[in-house]
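*Asks:* Sequence:
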Amino acid sequence: MLSMEVTDGQLSMKAVEYSTLSALSLLTCPGCKILLTNNVCIRRGILLLTELNCIVLGGDDELLMKSGRPVEIMMKHLNINVPLQRQSFITLTSAQKEINQLVRLSISFSLKSKSVTI
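Just so you know, our numbering puts 5 at position 5 of the sequence shown, and the rest follows in order with no gaps.
It is worth saying that the hints were derived from the structure and are not from the lab. For each residue, glycine too, the CB sits at the ideal point set by N, CA and C. Treat each hint with caution, since some may be false.
Claimed, not checked - Computed beta-carbon distance windows for the label pairs:
no.: 1; residue 1: L11; residue 2: T50; range: 29 to 35 angstroms
no.: 2; residue 1: I46; residue 2: G9; range: 18 to 24 angstroms
no.: 3; residue 1: E51; residue 2: N79; range: 19 to 25 angstroms
no.: 4; residue 1: H77; residue 2: E5; range: 17 to 23 angstroms
no.: 5; residue 1: Q10; residue 2: L57; range: 15 to 21 angstroms
As the list claims (entries may be wrong) - Below, in silico cross-link-like pairs of lysine to aspartate or glutamate (EDC-like), each with a Cα-Cα straight-line distance of 16 angstroms or less:
no.: 6; residue 1: K33; residue 2: E51
no.: 7; residue 1: K76; residue 2: E51
no.: 8; residue 1: K33; residue 2: D8
no.: 9; residue 1: K33; residue 2: E5
Using the sequences plus the hints, can you model the full thing?
*Replies:* As structure tokens, this is what we get:
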């Protein structure tokens with residue numbers, strides 16, 4: 001379950017991946033565009049995102065990319081070497097397995113502290 005901050009440029013809200021969205025992951029670029037389609041359920045001021053109520057359009061924001069993708073930020077906190085080239089993520093199977101295990105253990109990673117808009 002991913003937690004993120006979404007914005008339309010004026011209003012910002014918290015959102016969580018209520019059910020798995022195949023197009024969103026820790027490798028998703030900051031600034032990725034999401035189109036909200038059907039009625040989005042809001043609980044306690046948090047948008048609950050599902051495959052039925054949003055479409056991930058993709059893209060990124062050059063300014064936000066300087067802070068790094070969520071997986072890069074997480075790797076820095078875990079003292080795992082971050083490759084210089086983005087293509088190197090394909091070869092990071094052991095680091096990815098380690099991160100996936102942490103995610104499965106319900107360690108939540110909040111993007112709000114980095115002010116990343118997804």
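*Asks:* Each hint: holds or not?
*Replies:* Hint-by-hint comparison with the structure:
At roughly 21 angstroms, the beta carbons of L11 and T50 sit outside the given window of 29 to 35 angstroms. I46 and G9 have their C-beta atoms about 20 angstroms apart, which keeps the hinted 18 to 24 angstroms range intact. Range check, E51 to N79: Cβ separation about 35 angstroms, and the 19 to 25 angstroms hint is violated. For the pair H77 and E5, the beta carbons lie near 18 angstroms from each other, so the given range of 17 to 23 angstroms is met.
Take Q10 and L57: their Cβ atoms lie about 19 angstroms apart, and the range 15 to 21 angstroms holds. With a C-alpha separation of about 15 angstroms, the suggested pairing of K33 with E51 holds against the 16 angstroms cut-off. For a cut-off of 16 angstroms, the pair hint linking K76 to E51 is broken: about 30 angstroms separates their Cα positions. Under the criterion of a C-alpha separation no larger than 16 angstroms, the hint pairing K33 with D8 is consistent with the structure, at around 10 angstroms.
For the hint linking K33 to E5, the alpha-carbon distance of about 12 angstroms falls within 16 angstroms, and the restraint holds.
When the structure is compared with the earlier hints, violations turn up for hints 1, 3, 7 and for no others.
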